[in-house]
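Whenever a hint applies, use it, and build me the whole structure from the sequences.
Protein chains: 2
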Amino acid sequence: MNGMEIIDISWPISADMTTYKNRSEVSVQETRTFERDGWRESAIALGCHTGTHIDAPAHFIKNGHLIHQTNLSALLRPCLVLDMTHVTNAISRADIAPHAQDIHPGEAILFKTTNSALPATQDFEPAFVYLDESGARYLAEKKIAAVGIDYLGIERGNPQHPTHIALMEGGVIIIEGLRLGHVRAGRYNLICLPLNILGVEAAPARAVLVRE
Amino acid sequence: MNGMEIIDISWPISADMTTYKNRSEVSVQETRTFERDGWRESAIALGCHTGTHIDAPAHFIKNGHLIHQTNLSALLRPCLVLDMTHVTNAISRADIAPHAQDIHPGEAILFKTTNSALPATQDFEPAFVYLDESGARYLAEKKIAAVGIDYLGIERGNPQHPTHIALMEGGVIIIEGLRLGHVRAGRYNLICLPLNILGVEAAPARAVLVRE
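Top to bottom, those sequences are chains C and R. Just so you know, the first sequence maps onto residues 1 to 212 in this note's numbering. Just so you know, the second sequence maps onto residues 1 to 212 in this note's numbering.
Hints are all accurate, no fakes.
The following residues of chain R were derived to be distant from chain C, with all beta-carbon distances above 10 Å:
1. Asp83
2. Arg93
3. Asp123
4. Ser134
5. Lys143
So these bits of chain R aren't anywhere near chain C, every CB distance computed over 10 Å:
6. Ala100
7. Gln101
8. Ile103
9. Phe124
10. Glu133
List of simulated lysine to aspartate or glutamate pairs, EDC-like, C-alpha gap at most 16 Å:
11. R:Lys21 / C:Glu41
12. C:Lys62 / R:Glu30
13. R:Lys62 / C:Glu35
14. C:Lys62 / R:Asp37
15. R:Lys143 / R:Glu107
16. R:Lys62 / C:Asp37
17. C:Lys62 / R:Glu35
18. R:Lys62 / C:Glu30
19. R:Lys142 / R:Asp102
20. C:Lys21 / C:Glu125
The set of hints was computed from the structure by calculation and includes no laboratory data. These numbers come from a predicted model, not from an experiment. Note that CB positions come from ideal geometry on N, CA and C, so glycine has one too.
This is how it looks when you write it as structure tokens:
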């Protein structure tokens, strides 16, 4: 693993970062300081869907598996970044199908959209580019291992969450909150590790792309 | 990256996990429930030195670099797990030197000690096995990239923190809070990614060992 290029694609975590529907308070606090204690210590508080994170099926499926039950091998594997910056609303089957011959079973697919051009600390953008149900079903048919998108959700506007459900039922792991503005479309190896939190439906993660 | 064995070496995060000197409150809370909201969401609050985590130099060196400035390549590389389960107090130069020919510059070294036999949720054990200053200086001389230990600190009993300082000044990244009880001594590839928190001195991380 020497001589490799490492590209960080994680959303920076800070008190002023964008959060889903501006809903989650993020706290980053210094609890010990050089001035008072002679060293520095900090603490954080955040929702499990803050910044770059993995949604486990238990988010929307009552008996779905939990984040600590995630098969990490699905997040450590070859990955294809697809350029979807021409899409203005939803990524659908018709947007992905032209790439069919490049999408192999067991890969991770990351969508780079105009979302990545939004500043990481501005108010939540409700009109973010998302993956619609037809696109999700197509990816599940293709038997990919994981899908990632460059905003804090992969779906919007449907209280039944059909995109999430199609992916979760299809065994496709969902990575939300990537930052891909500095990444060219193409092939990489994905390394994405969520925190090992017991018994919950999601966890913040760090994600990088590596290339020899 | 197919066909590989993945061994999780992360401390499980839960409200009842062991914390350094029993100091840090860890909160894992369900904020939305299937019963009330139709889906599940959770939030966490924890110190940045909770469970498996990386100490950046800014923890003990006032102008040291911060966690988001960590060179991730030091945490994605060949790694040697050394069996130190015979050590009852401190790992010193004399304990590491017999392995000199196996320790190569640029590697990560992980110490497996009797700490890994302690339950992950019991009260803090103040007599944990640690790395003393002579051992830290030896590792810095060997120009390793990172060192990891299987307890929530790598040092104890010295308010000057000489182990941390020797490692930090030597450019050796410090991984604390590993769980290695199920890992055999030997060679692996380390994959360890801390959360991308801006402006702080440490971050919780997920760590795994992989082997083809």
